[in-house]
Amino acid sequence: MQNIIKIIIFLIFFFIISVFYISLTRETNYDTSNLINKKITEFKVINADETGFYTRDDLKKNDFTLINFWASWCAPCKVEHPILMRLSKSKKLKILGVNFKDKDKQAKKFLSDLGNPYDFLAKDINGKQSVSLGIYGIPESILINNELLIMQKFVGPLSLDDYNKIEELIK
Amino acid sequence: MLSNLGNILLFANVILSFSIIYNANKSLKTSSNVINKNIFQLSLIQSTLIIICFFTLIAAFIISDFSLVTVYQNSHSLKPLFYKIAGTWGNHEGSLLLWAIILTIFSFLFLIYNKDHPKKFRLLTLIVQNTLILGFLFFILFNSNPFSSLSPVPSEGLGLNPILQDPALAIHPPLLYVGFVGSSIYFSAAIASLISNYTEKSFSYSIKNWILISWCFQTLGILVGSIWAYYELGWGGFWFWDPVENASLLPWFAMTALFHSLIVFEKRNIFYFWVIILCLITFILSVTGTFLVRSGILNSVHTFASDPSRGLYILLFLSLMIFGSIFLLFKKYKNEDYKLNQNSKETFILINNWFMMFYLITVLLGTIYPIFTDALTDNKISVGPPFYNTIILPVVIIFLLFMAIGPKVKWIKNKFKDIKIYFYILLASCGLNFLIIFFFKSYSVLSNLILISAIFLILSSLIDLTNAIKKNKFDLARIISHASFGFLVLFIGLNNIFTIEKDYNIKLGETKKFENYSIKLQNLELKNFKNYQAVIGELEIKNVNLNRTNILKPEIRIYDNPRTLTYEASIKTSISKDYYLTMSNIDRSDYYNIKFQKKPLMMWIWVSVIMIVFGGFLRIFINAKHN
Amino acid sequence: MKFKIILIFLLINAQFLLAAEKKIDPNEIHKNLRCLVCQGQSISDSNSDFAQTIKLVVKDLIKEGKTEKEIYSFMSDKYGEWIIFKPQLNIHNSLLWFLPYIILILGGFFLFNLIKKRQ
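Heads up: the protein sequence lines correspond to chains F, U and E, in order. Start counting the first sequence at 1; every next residue gets the next number (the working numbering). Start counting the second sequence at 172; every next residue gets the next number (the working numbering). Start counting the third sequence at 799; every next residue gets the next number (the working numbering).
Calculated from the structure, these hints are not laboratory results. Quantities reported herein were computed from a predicted structural model and do not represent experimental measurements. Watch out, some of these pointers could steer you wrong.
[Said to hold, decoys possible] Derived BS3-like pairs: lysine-lysine, alpha-carbon spacing no greater than 27 Å straight-line:
#, chain 1, residue 1, chain 2, residue 2
1, F, K61, F, K171
2, F, K38, F, K109
3, E, K864, F, K44
4, E, K914, U, K769
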């Protein structure tokens, strides 16, 4: 009996040390990029001219939609802008830009200076709509299909790798 | 030059440690009962050199010698002198030197203060302790050297985080290290005791004061850390069950169980293995805590910058310690033969150990569970205050009752002469609790029970005190510490129940009203200081019923080196309550977000902990007087 | 003697009856949500932009009549379990929630047997 207890004690410590060892190589920063393969359940943003709303039904009309949250006051948004311009050329992909906690005048200037890659333009003045998509910082983009399934989340500015990934996914 | 001096001193210490181990080993084999004089001399030189080494690093910080990487990364020439000095141990490398200095000095002091104990035991303690010292010296020299140099020498340092420039935070590490690094000496003593079969109760005298001293300092270190969190972090709380906080609490549970078990060992020469195992566990938990904090595997408010190689080294050191201890214990464990009456003080101390192990395992589990789920299931979860509060609080209720009754139970066999008194105390406790509800407001079931047991412990201790004065048989240290613990729980409970928190978005000139208070943002001022700019808000808190006004001035500070934003809380402390106010700006708006808190009895929480420590120091003093 | 026991029992029960009702408190919820862009702070303690947005959303959800549980469910659905400080009761976390009390009870048995053996 005593020997069994000794073996159990040894195994417990061995297990703990092993887990510590494994965790040394893991990434501690949290991001939501693996919260995919879920459907969007709530979505309703006012469009840029305040003439109507974009809802889930509108999103279903597109084969693929990239929802991109951006703002004129966000420096990394400028960095990812060329990638968005490239993506706007894609026929299969529609891009919905949601202007986040911004002022219309500055937003318009941003787009006229750098170009407008968005097929649809909306705004989220108080940021509440971003929460229903699990956004926690900008820029952040979500790729969905016509069944509103989240295929991929991009936290932070889009990179060239992200561009290639999107092209892969929308084939 | 300082870099070279420091490195030479470190190498010298390594050589000295090897030399001490070699000489001690040689001395073990001789038949003489006296320890060779040269071992004492080597130990003294070792302590002297490590102290000089530490002062060398301090000197480098004072003169801002940026040729040292550590000074460059953690200091700045504009830093006030006091914080330059404190910056020495406020970083990873420097704090390891603090580890080394305490390990070394304790090794020397243990050697010279334990002349009445067997030679083999003392030499083995020295050998084990020096092995630990070597482990840390190697870590310092090969991975985290505070004296590693930089070329070309930068003209200015990268500055220290402004949040870390605080007097409480300056003394927090030294206090805490005397606590859990100090526990190394009784770890070594336990191993020495096992190997040399020093199982007589005189063994307890060799480690008793060390355990008490480390416990007192550990408690003080935790207190100062909590006070700092309250004043600096701006959320008005003092304990967040953050992994780094938990790392300092785990050894504390073990230490508390340890010195209570030691009382039994000293009195009746039983529970030897409880004492040994707890000695080993305390230091193992200390190193585990160090591992968790410095390896970067935990996400916390307090993390040092992370580096996996550090984690690897500490994990290796920890594994050697754990498996070494386990194997030794397996070899030496013997079932003790003793009689135990269920109605005796020994039983109650066992019960205390039972509770301490519960708290220890709960906090340990909560701290490392996220690591496990992430490594094994790739899913990150958070374990925060709701978990710990839910699990621990109900158990504390019963624990407090045992704390009240236990000390009065007699050794070996107790006769409960007067159970009636406990019923009266319980009655009085329920009564007092009822009065609180009646005059103020009602609260949750759990809160009711906690307050009742806390009051039970306090009243019970007060009755002990009056009995002790009558019979002139004093156990004053225990009465003070136990009663203060009761007060601590009481004050934390009351503070929790009666705290008011309000969160508003307010504009200059606006007034917000709630209950019988009104808050007005009267003024906003922009002021320039030596290394920061501050936006100072002036808020008037008016108690409409009593027509009393308080002005609180929270700040938003913009530091330029490194460029950070901090929020300084404005706190008004009084005997009955603290007013606590923080202010932050809302981007792209001229509204400010203010968090106002009215926190009753805050200062008494700190006083209770100080009194708990006072009881501990009193015990040490009384022990010294008897010797 | 019996009378005293009954009296205490009644008193303790009286405290139960007088115990406060739990109303949905936004501050409680803010304390239980983690600020994802901060280092270990809760939504209640954080001054970040993200925290302010979440506070607004929680306010709306309370207005819609959602219970505390539903609000936490909503948040963890969008942001993962990481955002909730109280580990959810599911298969993964059952060990976390039950092990402490299992150990408490096992320890109790162990202690009980130990004392019995040594009488």
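Now for the hints, and whether the structure bears them out:
1. Taken as a hint, the K61/F and K171/F pair is honoured in the structure, with Cα atoms around 17 Å apart against an allowance of 27 Å.
2. Among the hinted pairs, K38/F with K109/F is inconsistent with the structure: their alpha-carbon atoms are about 35 Å apart, more than 27 Å.
3. Restraint check: the Cα-Cα separation between K864/E and K44/F comes to about 19 Å, which is no more than 27 Å; the hinted pair holds.
4. Taking the CA atoms of K914/E and K769/U, the gap is near 51 Å; set against the 27 Å cutoff, the hint is violated.
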